[in-house]
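Undergrad: Line by line, the protein sequences give chains W and G.
Counting in our numbering, the first sequence runs from 1 upward without gaps.
Counting in our numbering, the second sequence runs from 1001 upward without gaps.
What the hints contain is simulated information worked out from the structure, not anything from laboratory work.
Mixed in with the good hints, there may be bad ones.
In silico SDA-like cross-links for lysine to any residue, where the CA-CA straight-line distance does not exceed 25 Å [said to hold, decoys possible]: (1) W:Lys13 x W:Ala80; (2) G:Lys1022 x W:Thr104; (3) G:Lys1042 x W:Thr112.
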Amino acid sequence: ETGVTQSPTHLIKTRGQQVTLRCSSQSGHNTVSWYQQALGQGPQFIFQYYREEENGRGNFPPRFSGLQFPNYSSELNVNALELDDSALYLCASSPPNSGANVLTFGAGSRLTVL
Amino acid sequence: GENVEQHPSTLSVQEGDSAVIKCTYSDSASNYFPWYKQELGKRPQLIIDIRSNVGEKKDQRIAVTLNKTAKHFSLHITETQPEDSAVYFCAASVGGSYIPTFGRGTSLIVHP
């Protein structure tokens, strides 16, 4: 059984650029959630995907978008990057019928916007 | 939406002492309360959770208590060890959405 894997692990972008982050869910998990974790803060919910559809969204602007694929992997896209987008982006997957959102996190993608 | 407050932000203890971290939540519909441990540079990992139908849960040196009336829950770590040093996050999920809202974290430092 493999865990949640994310790529890339680190990346540097400049303001105005676009970025795509990728996540492979844990085997058997069909729900993927994305979180933004700024330095010294708790994870902030961005959105969740279930059955390839967005299934909940936090307080993030539309330039944050995502996809989920038939194999349950997912992408997070951020357009028009801003300095405040610098953070650790965490992907987490959840098993079906868990009764609650029991999250298994990936190691994250650390984005630096210059 | 749900709001989770966590205290203290930093907690420093001597090895062998107990540590207590407290969280409050705002939405009375919340029914699932997990705790995550995040070591420096690593992913958050679930260490214990509690559902609203129980008041306390224990797992070896860690325990969680829940007071639904007061809308607060706490993590208790006994006989702390240096490897317990990490940032601990509480979270609360509203029934139906099942999307946890996290607290801001507590940095626990255990001095040998």
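Undergrad: Evaluate each hint against the coordinates.
TA: For each hint, the structure was consulted:
no.	hint	verdict
1	W:Lys13 x W:Ala80	11 Å, holds
2	G:Lys1022 x W:Thr104	23 Å, holds
3	G:Lys1042 x W:Thr112	17 Å, holds
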